[in-house]
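Number of protein chains: 4
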Amino acid sequence: MEVNLIAWTPEPEKVVAAAARLCYSPDAVPELMAGLEREQVRRLVGQLYDRGHLSTFEHVSFQFSVDGVSRALSHQLVRHRIASYSQRSQRYVRETGFRSVVPPSVRENPAALTRFQAALDELQSAYAALLEEVPAEDARYVLPNACMTSLLVTMNARALLHFFELRTCTRAQWEIRELARRMLTLVREVAPHLFRRAGPPCETGKPCPEGEMSCKRKK
Amino acid sequence: MEVNLIAWTPEPEKVVAAAARLCYSPDAVPELMAGLEREQVRRLVGQLYDRGHLSTFEHVSFQFSVDGVSRALSHQLVRHRIASYSQRSQRYVRETGFRSVVPPSVRENPAALTRFQAALDELQSAYAALLEEVPAEDARYVLPNACMTSLLVTMNARALLHFFELRTCTRAQWEIRELARRMLTLVREVAPHLFRRAGPPCETGKPCPEGEMSCKRKK
Amino acid sequence: MEVNLIAWTPEPEKVVAAAARLCYSPDAVPELMAGLEREQVRRLVGQLYDRGHLSTFEHVSFQFSVDGVSRALSHQLVRHRIASYSQRSQRYVRETGFRSVVPPSVRENPAALTRFQAALDELQSAYAALLEEVPAEDARYVLPNACMTSLLVTMNARALLHFFELRTCTRAQWEIRELARRMLTLVREVAPHLFRRAGPPCETGKPCPEGEMSCKRKK
Amino acid sequence: MEVNLIAWTPEPEKVVAAAARLCYSPDAVPELMAGLEREQVRRLVGQLYDRGHLSTFEHVSFQFSVDGVSRALSHQLVRHRIASYSQRSQRYVRETGFRSVVPPSVRENPAALTRFQAALDELQSAYAALLEEVPAEDARYVLPNACMTSLLVTMNARALLHFFELRTCTRAQWEIRELARRMLTLVREVAPHLFRRAGPPCETGKPCPEGEMSCKRKK
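Chains as they are written, first to last, in my numbering: chain A, 1 to 219; chain B, 1001 to 1219; chain C, 2001 to 2219; chain D, 3001 to 3219.
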């Protein structure tokens, strides 16, 4: 998995703070922006987060490139609807020699790994053979969830906070959890105050809606 | 593929017509509803469609059950974000003995079909063996796009018109095109005027944005 | 203010429960629907709410007519973006003799009420005079926030839960709080289990994000 | 009216072009970005627009400050739901001595202007008097549509194209049309190729859904 933050709204914390001040001030936006100091920005952003006034967090967005993840992950990822996605098409790109994501539980189990690789070898061969006979969009019906894909993903800071809450939780599958952790690390570098307390409810002081039984942490 | 319309907003055309009249009338909504006659509803709905005043079409929604479609289709389907989905989980449901969608191009080509079925047999066996060793959520990495899934899908009438425009077009893949055609047939039975001119641009009098070369109709 | 529930997805609780069972069952949707009993539906809906699995609540939507509310309210209301609205247009409807919403604080204060009514009388007269000279869309610039409007509003059950959480809170303005309370009463009649624990955080056991100081209940 | 573009996704055209190439290429995103040349970006963006593949335009967003517009405008503006808004609150900001937008049709008509200003003077005085008696959130019920407000608005490039299509049309009210024209001018400076053919249907070669009769251009 390779994840990069390729772009983001410049000065994201200042934009969020200006949006917040606007709601409570008679001044025009340019003056508000000009008058905002570093420490004030930090404090405002903290208050907004505490009070759940997160609509102001929507004004800034972040663009990620995501390579080397499975189609199992991408099918989960695109269910987050307040976001924008572009994804490599299995209809238009021939996936001959495709690379696959191997789950850690398989990689660490020799019997499972042997079986897994035999199945994937068979699929490589079947896919190549089918490409000779039918369109790529139909040959791909034998491609497995493990098949690697690439995406460009855009989310605003509010949608990211929600994404991190759900997907850094141990209830999420290991692969999308890894993606979420990496995305969080990346945005914290450029907007530390916006994402200071991002993460699963048990780390951010919110009540955990899942039963204790289901949590790998609590077992 | 089995598609059923399991629920919808009652009297959908009347609700849309009432919404439209509301915008241009000093009357309260209940009076507007009471005064609407069948023929008037039909005419109003036609005018709204012609002028592109489709926000009124959002007030009514339709619930479909979709069974026996591939995960290739479901990954495309859930990219439509103004909609709600519930889908059978490959993390929580063991797919032992899973059934598969066979593309027509494969079914009609004996060489392809033999290769396709050999690959799927291998996957059935590999999946069953992996289930003995690793969690279902990881065993599923060998499941193919062809693997059947089930969904419950809700879209409002405006989102459906957009969905039909894109997905009944010959540029869409055969499987989601088949789904779109069936959904269109179902909603036309209960709301004929809302969906009278639904379909690809070339059937509804809109300009086709795709090049002629790419269209199977024009070849 | 007059609020009516004019339509909704039939059997809303059963649809939500079926969506939930689908995610964890190998059965097709029609069988799932057929096998659902009243008590099971009630229990499933409760579990979904407790665990925050609210995407299933999106499958059912509710249509309200709202008459006799102010444009101050409607400007707040339409900020809820996961919803559909049709509203009486001040550009196309001449508001001669418009009716106004009088805030309780004004109604109960004789000095304020006299001043308020004098201002509104002046506006009635100014609006009528301007209509003789300029288009209605420009004459309306003198219409006050108090001016009554009508809307048709559609929200799904998940969006409604969020709406109720924010707008039944004492921090919300009295008018939209009254609207939210009425909408909640109406949907509880047709879907009691979906909305059993709807309301402000302090009534539903969630942490209150607002400071105690700001709450009229805690003073 | 004062409109400023205060922030935007850096290199917006390159981000859109990279998203488009990703869909049709086996390469990872960073390589795609690195290999994109100026002329190629321009050509790709043009093709995407022509074919209506606008999901790639969603990856870039633009932040505007909008000051000195009426609440009539802001009520229209926030109906565009695929966008984010922060707006000066009439509940928390005391609008004593508020400034007003005067429609051109009123400004150019001495009789109308006199009547308009008399009404607004009365409202200034009524609002100030009410503030002595009731909370600001209730006093504001006498504030007129003309009352000036400030917003911070974020839209992505796809939402902007839609906004420009509807709101630069002569059917839109003069004030929001002026806002749309200014926003279009601003984004064209930083992303000329994305917005080269933005505007009303009659200027961009699309069919006009409105009847000719209703258009001020065709009269």
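For the record, the hints were derived by calculation from the structure and aren't laboratory data. Since we're looking at a predicted model, the values are computed, not measured. Fair warning: there could be bad hints in the mix.
[Unchecked claim] Simulated coverage check for chain B against chain A, where a stretch passes if three residues somewhere in it have a Cβ under 8 Å from a Cβ of chain A:
hint	segment
1	1012-1026
2	1091-1103
[What the hints assert, rightly or not] In silico contact screen, one side only, chain D against chain A (beta carbon under 8 Å); selected entries:
hint	residue
3	L3022
4	H3059
5	S3065
6	S3084
7	Q3087
8	P3192
[What the hints assert, rightly or not] What follows is a set of in silico ranges between Cβ atoms, one per label pair, in the way DEER data are often shown:
hint	chain 1	residue 1	chain 2	residue 2	range
9	B	G1068	D	H3162	33 to 39 Å
10	D	W3174	B	P1207	27 to 33 Å
11	A	S89	D	R3181	35 to 41 Å
12	B	E1037	D	E3002	37 to 43 Å
13	A	P135	D	R3181	42 to 48 Å
14	D	R3196	A	H162	32 to 38 Å
15	B	R1196	D	W3174	34 to 40 Å
16	B	R1094	A	M1	23 to 29 Å
17	D	E3203	A	R99	43 to 49 Å
18	D	E3203	B	M1001	42 to 48 Å
19	D	T3185	A	H162	42 to 48 Å
20	C	P2030	D	E3039	53 to 59 Å
21	A	E203	C	T2096	56 to 62 Å
Even for Gly, the Cβ is constructed at its ideal location relative to N, Cα and C.
Do the hints match the structure? See the list:
1. 1012-1026: Not satisfied, violated; 0 residues make the cut.
2. 1091-1103: Holds, because 5 residues of the segment 1091-1103 of chain B bring their Cβ atoms closer than 8 Å to Cβ atoms of chain A.
3. L3022: holds, 5 Å
4. H3059: holds, 5 Å
5. S3065: With a minimum Cβ separation of about 3 Å from chain A (threshold 8 Å), the hint on D:S3065 holds.
6. S3084: holds, 4 Å
7. Q3087: holds, 7 Å
8. P3192: violated, 18 Å
9. B:G1068 - D:H3162: 33 to 39 Å: Distance hint for B:G1068, D:H3162 holds at roughly 36 Å.
10. D:W3174 - B:P1207: 27 to 33 Å: holds, 30 Å
11. A:S89 - D:R3181: 35 to 41 Å: holds, 37 Å
12. B:E1037 - D:E3002: 37 to 43 Å: violated, 50 Å
13. A:P135 - D:R3181: 42 to 48 Å: Holds: the Cβ-Cβ distance is about 46 Å, inside 42 to 48 Å.
14. D:R3196 - A:H162: 32 to 38 Å: holds, 35 Å
15. B:R1196 - D:W3174: 34 to 40 Å: holds, 35 Å
16. B:R1094 - A:M1: 23 to 29 Å: About 26 Å separates the Cβ atoms of B:R1094 and A:M1, which means 23 to 29 Å holds.
17. D:E3203 - A:R99: 43 to 49 Å: holds, 47 Å
18. D:E3203 - B:M1001: 42 to 48 Å: holds, 43 Å
19. D:T3185 - A:H162: 42 to 48 Å: violated, 35 Å
20. C:P2030 - D:E3039: 53 to 59 Å: Since the Cβ atoms of C:P2030 and D:E3039 sit about 55 Å apart, the hinted range of 53 to 59 Å holds.
21. A:E203 - C:T2096: 56 to 62 Å: Between A:E203 and C:T2096, where Cβ atoms are some 59 Å apart, the hint holds.
The structure fails hints 1, 8, 12 and 19 (numbered hints given earlier, in ascending order).
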